[in-house]
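Spelled out from the first residue to the last, the chains are:
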Amino acid sequence: MEVSPKTWFMPKGASSIAEDVDWLFYVITWMSVAFFVIITVCTIYFMFKYRRKRDEKPGLTIPLHHNTALETVWTVIPTIMIFFIFIWGFRSFMDLFVIPAGAEEVRVQAAQWNWTFRHNVGGSGNESKSNNLHVPVGRPIKLHMSSSDVLHSLFIPDFRVKMDIIPNRTTSLWFTALEEGEYDLYCTEYCGEKHSKMLGRVYVMSEADYTQWVLDNAKAGTGEEIYNNKCSVCHSLEAGNVEKAPTWHNLYGRTETLSDGTTIKVLDDYIRESIRYPHLKIVEGFASKTSMAPFPKQSVSNEEVENIIGFMKSLSVYKADEANEDPKP
Amino acid sequence: MSAHSDERPHVLPLKVYYGVGAILFILTAVTVLTGKYLHLDAMVEDVFKLEFTGLNLMLAMVIATVKGTLVALFFMHLLYDNKIYMLIFVGGLTFLSFFFILTLFDTVHRGRVYAERDTIWTESEIYDQLRANPENVLSIHGHGDAHGSDAHGDDAHGSDAHGSDAHGSDAHGDDAHGSDAHGSDAHGSDAHGSDAHGSDAHGDDAHGDDAHGEAEGHEGHGH
Amino acid sequence: MSQPTNDHGHQRHPALAHHFNDMEQQHESLKMGLWLFLVTEILLFGGLFGFYVFFRVWHPELFAGASRMLNVNLGALNTLVLIASSVTVALAIRCIQLDQPKKTFWYLIATVVFAGVFMVVKYFEYTHKFHAGIFPGENFNNLDFALGKVEGVVAPIQNPHVFFSIYFAMTGLHGLHVLGGMFFLTWVAWRTSKGAYSSEYFSPVELGGLYWHLVDLIWIYLFPLLYLI
Amino acid sequence: MNKLPEKHFINNSKGIKSWLLTMDHKRIAILYMIVVMSAFYLAGVFALIVRLELAKPGALFFKGAAIEEPANASGAPKGSEAAETAVAADETGAGPEPATAAAATDAAADVAVGAEKTASNNEYKPIDPGMSDAAKVSMAKSQVFYNKMFTLHGAIMVFLFIIPSVPAILGNFLLPLMIGAKDVAFPRLNLASWYVYMLGAAFTLFAILHGTVDTGWTFYTPYSTQTGGDDNTSVIMITMGVFILGFSSIFTGLNFAVTIHKMRAPGIGWFDMPLFIWGIYATALVQVLATPVIGITMVLLVLERWLGIGIFDPSLGGDPVLFQHFFWFYSHPAVYIMILPGFAIINELVTVHSRKHIFGYKAIGFSSVAIALLGFMVWGHHMFLSGQSEFSSMVFSFITFFIGIPSGIKIFNWVATLYKGSIAWTTPMLYAVSFLILFTIGGLTGIHLGALGVDVHLHDTYFVVAHFHYVMVGGTVIAFLGGLHHWWPKIFGRMYNEFWAKISCGLVFIGFNMTFFTQFYLGSQGMPRRYHDYSGMMKTNLFESLHGFSSLGALVLGLGLFITAIYLIHAAFKGEPAGENPWGGLSLEWATTSPPPTENFLVDPVYSHGPYDYDRVLPEEMSAENAGLKREKDRRL
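The listed protein sequences correspond, in order, to chains E, V, X and B.
The numbers in the numbering used here rise by one with no breaks, and the one at position 261 of the first sequence is 261.
The numbers in the numbering used here rise by one with no breaks, and the one at position 96 of the second sequence is 96.
The numbers in the numbering used here rise by one with no breaks, and the one at position 172 of the third sequence is 172.
The numbers in the numbering used here rise by one with no breaks, and the one at position 567 of the fourth sequence is 567.
If you are wondering where the hints come from, they were derived from the structure by calculation, not from laboratory data.
Be aware that one or more of the hints could be misleading.
[What the hints assert, rightly or not] No farther apart than 30 Å at their CA atoms in a straight line, the calculated lysine-lysine pairs in the DSS-like style are these:
hint, chain 1, residue 1, chain 2, residue 2
1, E, K53, B, K3
2, E, K129, B, K539
3, E, K53, B, K574
4, V, K15, X, K103
[Unchecked claim] Taking CB as the label site, the calculated pair distances span:
hint, chain 1, residue 1, chain 2, residue 2, range
5, V, E123, X, W190, 46 to 54 Å
6, X, N73, V, I101, 33 to 41 Å
7, B, G15, X, T186, 31 to 39 Å
8, E, E2, V, V90, 53 to 61 Å
9, V, V90, X, Y123, 34 to 42 Å
10, B, L20, X, T186, 25 to 33 Å
11, X, K103, V, V90, 30 to 38 Å
12, B, L209, E, E207, 31 to 39 Å
13, E, T7, V, V90, 48 to 56 Å
14, E, G181, V, E123, 50 to 58 Å
15, E, K328, V, V66, 40 to 48 Å
16, E, V73, B, L209, 49 to 57 Å
We put the beta carbon where it would ideally sit given N, CA and C, even for glycine.
Starting from the given sequences, assemble the full structure and let the hints guide the process.
So, in structure tokens, the structure goes:
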């Protein structure tokens, strides 16, 4: 996978999938040029060859109504060609949509007319925020995107990646930057007045520069911060300390049995639901203790819920991608 | 065009109309009864130990389709008319099914590759506002009895601490389901609030005999 | 092609438009035109049924829970009323085909009366909901669902206003179509009483009837989907 | 020399009432022509404004905006702030606190990136902080103005011009003539569709004047349900306008479908009609089956904005992607409502001007209907990246490829029709040939966008803009211009000036290619769609040169279309009489006087020869007196 050069049609392909996408683009283009040349040459040639002279009285023309052989040829050949294009197109689409294991996750928050990129600082729950995207070279990066108001779309032309961002969902895309440098980042889903000003830059840095940059920009750990002033009163972080509520130590990813006997895996959705509606799925043994009050949006915003999840992830040995058995409390 | 059309267009005998009408009545009764009292999912589960959901809906749809085809074939003369009308009618339905099927491909399979990409359904803010000031919230069991704080457990998590409603906070702990007798509804204190919807004052609303959400007929509505 | 007078020699029927050759062509054209219009109606309501299907696939528990609030008895009564009106309008068409304008007139009036009953029952349903604070969309003003206090439903239901928006959209649009049908059938009944229609020219009666059957057909699907889940 | 018949449908009754209450399909066609063409030129002006704005980076309009004028003139919900983006936004990452532009000092702009303790503080900021306040105010105002311009260009072109244009003007005029009928099946419904169109146009015009429609012609939620804050009127006005225009489209489609089925002259079967009728029939099917869905979508969008019913707006429990499904379920068949009449016209132009039997009559006829039906199953290719499930993207991409086949077959058949013909280089023929070339480019670039992998890069960029302009302008508009020139003598009985027609055809062809071929490069280089300004990017100067050239082309295209309007209107009143059959056509509309009498034919036509029998019948033998050839009925074998 090397960088595909900047050509008349395509910008520099500085990501791993750029080469495959460019190849498909050129194949379709040259096939189209071939068809276009056939049609235009025939048309122009017929126009000149059978041109009616200025004062010629035209008589009857040949009774050529149809020619089944010719018609089947020009139906079957295009069908085969486009079927081949579809297969190739779908294969590269799948490469774009399936995120390789071990990709570092960067949270993207698109708001009306600015970007906020959040990088986890070495698993300490702290985060560093910036308006521009800073990525290490050579490693797959996953952008975990959500919008806080209207539809947006993150597009990096040089990496050939684009994905819409929707308020009520998290969408994601991935790329592996091959060459250090600065690239443009656009919003390509019309989002209102400053849609054309919702720009950003992608700074591709070496591994060392990247880790240095992330540490420099680390802000107060939002995950930890919320825990300290809202959750620490009941939930503890040490293993086994469960007198009031389940400990968060190794909680993420563990399989818990609920008070009504069903078992669930403690993942993002369960945590989100339990913060909003704690009485729905109470782990067995904790139903009798003082029940947890629901945290509506005013007290813990969706953003902060995501940070809590990030913080809980950092407290547990469970890794989302690899198959690993339950972490012990 | 047929130059000569028979004067008397095709007329069905009377008993066809009455027969079809009767069948439709019976089918309506059947679908109402099965809908209300027959729980197919549970029955199939104990009898055949098979896990199905939405069997009731399927049965209701089958009955509705039978009724629909009866109306279409006999009342709308599709059976006896030029087949082009049948083609138009069925064509319309097929295009509708294209739309449903292809859109369901999207809505059903959203989280299929990555669960995180599925839609996150959050509660809309209007309920937070309703919880914030419950005094002018109406309810199924009657008018504007302040539901304030007899919600599940202590809901007073800073969202509606103001104790203005005359009830005070009901007992903590789980709320008695459904039987929250509100006889002593402090109608007076927030009468203005609860009828803000322009519906004229009802005097004594049908509080007492409100049989669990199904106001029998309309004796309660004095207007 | 026929000269101004019909090639059977007798005078052109007064109701035959100038650009049609004979009554049969006019009648068939009007019927096809109406059937195409009925297809647009099917697709219009199809859009709403679409919302019902997509949101039900997303939130089956919301639909099951929120539909508890609907009064099945009133719904069933409405269905019977509409089917009765469908039978009477079908009989009206049959009578005009047999040259009995008197009976046609009364059958049409019966249809309009049934439609009236349907609308009155719907009025009570709507007011019952408005009293319970169930308004479509943002001004939904009822916490029973959110607190899980609806009879027969334990867990709290999220965003019940979505179900009621779909409910009001569907039954509201259907109600409008019933009203439209009532006006049209009243006009046709008035024209019948004036003797405008006979077995040779009865297109408006048939068109009104076909339209009414479609309105009934839509309610036949609406009723189980909304009330009986 | 030819002379006009003394009595024809234009002069047989005078007065404004005779025009406004006419039941004659030919007069309704002219009423439509006046209104639809004025909508076209109005939207064309908006297009020129959009192109001029993009010619240069930076704001072109409102250059000298006075400083004291507060910036948030547009009443945008968050208060338009010219101070650039601030990372120090609160935890919820919501948009930055609105700071009134006028008071924003430069200091505030610098600190806005927040206390980033970065070694290199040259972090990129989209709006460079050095901009003066006046520049910021003018940027904000011209942005809002630009957004309105491209929205109105799109909405008026799509809903007011291109969907009604060919069916309502040429279809209305020619359909009864070509099948030998006196009028369309429901003349009153035909007139009603014109009045409904006028009502819809009035709503849209009000939305323009009221001024806050900046959602793009696609009205994507949740932006369309939030823009303009609580000032609902203009978005509701334009969506209601679209809803009403939908009815006009349904009435036309319904009318034409019944006419083709029921009103054909005796002896004219489905394969004896000109292929124009097949195209109009396929369009009518699509109009009837697709338009109601946009009707219900617009009604629900209005309810969403007004009552907040929570179906599309995620903050109220809805789903924006569902709106896109509903919108595109109509809008993709709508693009076939646009192109099928274009195909329909090209059949007539190619055969009449090369005086040769069409090649593959059944292939072209059935491919029209096939496109109409397949068109209903492919709308998802507009939404590959909109967050729909990967499975549905695959299904839509697969079906999309099959819709390319029928259009390809049509192009090959038309080119084959030219073989061994006697081709006259008249203006309609020049337009037909430019259609063949331009639509081929448009169709082939569709394959780039259909292939999933490439679409990820090309979606919502100028490549898409170029593609659909090649198909819509290069396809429908060019075919429509060809059709107008072809049937102008039949409608008004007067011939246009051939010299000026060729000049304007050349200008349109050159201007169009200059404008939109460059946009293919713009798009593949990554220039996003609907951007008011592309300053501050790394590729600004590359885009500047391409946009400049494209804007120049737009001026040439505009000039060409302007000249067309002038000489055509002149010809309608003062052109020299053209006679019944100036081009030597064989279909029935050439078998009557031009302009035709009110009842279309002097004597009722009976089938005597096929519309493309140039190998058996000489057009010169046809005459108005006997409505075609008075030969015994020898149906073709």
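Evaluation of the provided hints:
1. E:K53 <-> B:K3: Holds, at about 26 Å.
2. E:K129 <-> B:K539: 26 Å, holds
3. E:K53 <-> B:K574: Distance of about 28 Å is within 30 Å: holds.
4. V:K15 <-> X:K103: 17 Å, holds
5. V:E123 <-> X:W190: 46 to 54 Å: 52 Å, holds
6. X:N73 <-> V:I101: 33 to 41 Å: 35 Å, holds
7. B:G15 <-> X:T186: 31 to 39 Å: Between G15 (chain B) and T186 (chain X), where Cβ atoms are some 36 Å apart, the hint holds.
8. E:E2 <-> V:V90: 53 to 61 Å: 57 Å, holds
9. V:V90 <-> X:Y123: 34 to 42 Å: 35 Å, holds
10. B:L20 <-> X:T186: 25 to 33 Å: 30 Å, holds
11. X:K103 <-> V:V90: 30 to 38 Å: 33 Å Cβ-Cβ, so the 30 to 38 Å window holds.
12. B:L209 <-> E:E207: 31 to 39 Å: 58 Å, violated
13. E:T7 <-> V:V90: 48 to 56 Å: Roughly 52 Å apart at Cβ, these two residues keep to the hinted range, so it holds.
14. E:G181 <-> V:E123: 50 to 58 Å: 45 Å, violated
15. E:K328 <-> V:V66: 40 to 48 Å: Violated: the Cβ-Cβ distance is about 59 Å, outside 40 to 48 Å.
16. E:V73 <-> B:L209: 49 to 57 Å: Because 56 Å falls inside the window, the suggested range holds.
Hints 12, 14 and 15 from the list above are not met by this structure, while the remaining hints are.
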